[in-house]
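Student: Going line by line, the protein sequences match chains A and B. Under this note's numbering, the first residue of the first sequence carries the number 1, and numbering increases by one thereafter. Under this note's numbering, the first residue of the second sequence carries the number 1, and numbering increases by one thereafter.
By construction, these hints were calculated from the structure, which means they are not laboratory data. The structure displayed is predicted, hence computed values, not measured ones. It cannot be assumed that every hint is accurate.
[As the list claims (entries may be wrong)] As a list, the in silico SDA-like pairs of lysine to any residue whose alpha-carbon atoms are at most 20 Å apart:
id, chain 1, residue 1, chain 2, residue 2
1, B, K430, A, A74
2, A, K522, B, R288
3, A, K83, B, R288
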Amino acid sequence: MGLWRRSGHPFSRSPLASASGWFTEYLLSTDGIVPALAEGERLNRIGIFMISNQSTDLLFEMSHSGRRCHLTPACDVPMREAKSLLPADAVADAPPALPEIGEIDLIRHYMNLSKRNMSIDTNFYPLGSCTMKYNPKRHERLSNLPGMANLHPLQSDESCQGMLAMLWSMQNILGEIAGLEAVSLQPAAGAHGELAALLVAEAYFRDRKEHARKRVLIPDSAHGTNPASAAIAGFDTVSIKSGTNGLVDLADLKSKIDDRTAVFMITNPNTIGLFESQIGEITKMIHDAGGLVYLDGANMNAIVGVTRPGDFGADMMHYNVHKTFTGPHGAGGPGSGPIAVRGMLAPYLPTPNVVKDGETYRLDYNQPKTIGRVRSFFGNVGILLRGYCYIRTLGPKGLRSMTENAVLNANYLLALVKDTLDVPHGDRCMHEFVASASKLKRAKRISAMEIAKRLLDFGYHAPTVYFPLVVPEALMIEPTETESKETLDAFAATLLKIVAEDAEFLQKAPHTLSISRPNDAKAFKEPVLRWKA
Amino acid sequence: MPYILNTEADRKAMLEKIGAASVSELFTTIPQPFQLNRALNVPESLCEMELQQHIIELARRNASADDAVCFLGGGSYDHFIPSVVDVVASRSEFYTAYTPYQAEASQGSLQAFFEYQTLIAQITGLDVSNASLYEGGSAVAESVLMAISINLDRSKVVIAESVHPEYRLTLSTYLANLNKQIVTVPTPGGAIDPAELAKVVDDQTLCVIVQHPNFFGNLEAVDAVSSLCKAKGALFVSSIDAISLGILKRPGQYGADIAVGEGQCLGTAMQFGGPYLGLMACRDEFVRKIPGRIVGQTTDRNGKRCWVLTLQTREQHIRREKATSNICTNQGLFALRASVYLAALGPQGLRETANLCLQKAHYLADELCKIPGVSLKFKQPFFKEFTVQVPGDAPALLAKLLKAGYHGGLALGRWYATLGNCVTIAVTEKRTRAELDGFVAAFRASV
Ligand SMILES: Cc1ncc(COP(=O)(O)O)c(C=O)c1O
């Protein structure tokens, strides 16, 4: 039995007839719906689709003893009792109690579930800091070629020259875009890259016997992974204030730099979407004190081809290939977080790296000062390959155009929404901007959450909300370069419509999705983290 | 320029609205000395057809597992992937979504991850799984960070030498600056000797990490490890091969506190090492220390069952430097693949798959050992991988086998100085009798 049925399916109860349901509320808010239309037709008119009542059953609730999807071949070698090959006490009496499901039911289950997701391919997804740009389809075809996808990570170098050539080229390309000499493709995501690079910094200072350098300075607008990575790498963290202009407060930074400073981690453009224009002074201050500058490269989409971290003084950085170079995000991952560093830090990078001897590529493990590994195997190669495809498709001009259009789109959207929503840090931004619902909240009890949830009703994924922490009621909006002017116009018009709506109505949004306002407190207090029979 | 929709006319209208004279005006906050003012030195652009030709050309220079029969393992395996897995994972609504921050717009992924957590709990016999970590090696490291936060006053991490060498390297990288001691217990017999282990596990030991089946393919004495851990108050971390759990006892049954592992075997292609899937499950009592995202069940404002990201006060975006881990982006798509895989196999399919691996590995081991000079290196029970000693140099033998059309196995000398003449060979359910017999013949001709 599915939940729809258990708790009452709104459509099967014909909520159109009921005056109290969400649907009536939706009708109130929507122009031009003709009540006389047949139910299904009306649903389609307002963009509600055909409903499948299977989709909320859990796999385990669908299980039927004896059903199967995948069949295995007969054993073509002489079969022996498992217990004659293995110690009796190592063998389980029965296999795990997995669900038993036929193929069509399995497929319908997931297809129906998929309809409960927003995604780039179905919706505008302006999730700030996440760079939700289009994921080109050619990347999927090419990365699934057997000659790329079915390579074992430990096969001999001679048997994967094409793969190594691609990875070698990617090392060089990412080094060129960074303006830094050496690259490691190993880290699995941005946070993993942060950790790897901070471990590199630690090893560098240890090698130089600068044992007092145990502090990492981090602006208060930084992403949570920055301090979390610093802690695992063994550093103490020191928070640096942002000024009212949204940029690093230089006086505060200055007062916290000393001979314990190891690394200053900066996101540039920062999480407010502003380029830290004092970056030259900042990096000089850190370097003069003997520290290193780390660039959180989550926002590279704003600067690729326009400026290079190495040129503005960063000594190390990570990329989020799944953002800037459009690795599909898979509803949570995979990512890929290569790091680039200055030459003096190269000896400490994780191994292996790809080197080219004449016309031959090989993996080089021989780096005596390496920090070691941050994972098994080479890296998130499938995402590196997609990133490579993006870069090869764009070329030098295209990369610059990517950046320019990302920034143009963001500034255009900012110009469109600034009269609707307060944008505290000015009329210009880089690839994203942060609006604030503070004033609306005070005046009309409309918070960032209300706007986010109501946007879903109109088929838009919400912006990032309540981050960065330094902007109250933050809505962080990043359109990316792959969206059109019409999409941005329509989105801005929707925002305008929403802020004119009634607060009470908004507090119950979304009104048209399968669920609305889950009880997070309950999930936290009485955790149900798995299905139980 | 593909993917960009703004036309010249659009750009003009947009700049007008912005109040800027040109696009370059939007970049004036970047100080002039730092502007690149030249084109990036990267290759010129390719259209789709050219790109495809280029990538096909690269792919031709690789011998994939389809070109040469694959007996390589060590955490990445050539298992069969049912087509339903690819179909579900190539659904745009899953693979082009972000982390499910907006629960209402992400119930599909959230429910799929809740199911994943349940499936992983089922195969491990433990209470709770997270929604994925990066991969097997960092999952081991994360389990130790977790153990550190549970056994705060203890300082020693004990790990068997039979754990994947790259997992051990990863662990030492993660712990480099955390003032903990790592003690590696030698396994000259190819598996832990419980008496040797007992000598190093004491009341300072925060956890013991064992891989079962281990890097050589052998089973470990997990019951003995478990009792020892219980006696000393150390956490027992077991690194698993998920396929083996079709036959072998589950970590929860033999007393492990935390199970970790590489989930690539559950429906993900080998892809030269990633992206893969870090598995982690634990007992209920440790759930507030587990790293990474977790999905929980709750109800919405109308009382309807639904799913959300929960227990987020463990995580970096709230706890910052005090978080249980720094992980943010995880491996959601591969958690989805693993779920579809496990649901497609079901209990019988998983058992049969495990049994085919077991049978074929033992058949191959027996046949190879008939070759003069070739013998099993260890007298230990094994599952789908085994280690043989060969006459002469293992890498030279493997090079010959590659010429004959086989990725013949892993030469262990690279990781174990004393095992220079040893090869670990992995056999999945995909290997046919004909492939196995052909391999034996090639092996015989090459030694
Ligand atoms: C500014 C910033 N830094 C770091 C990260 C961490 O990157 P990842 O999620 O790839 O680990 C993110 C992404 O979520 C981010 O937005």
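Student: Please go over all the hints and tell whether each is borne out by the structure.
Tutor: Status of the hints after comparison with the structure:
1. B:K430 to A:A74: 11 Å, holds
2. A:K522 to B:R288: 16 Å, holds
3. A:K83 to B:R288: Outside the cut-off at roughly 38 Å; violated.
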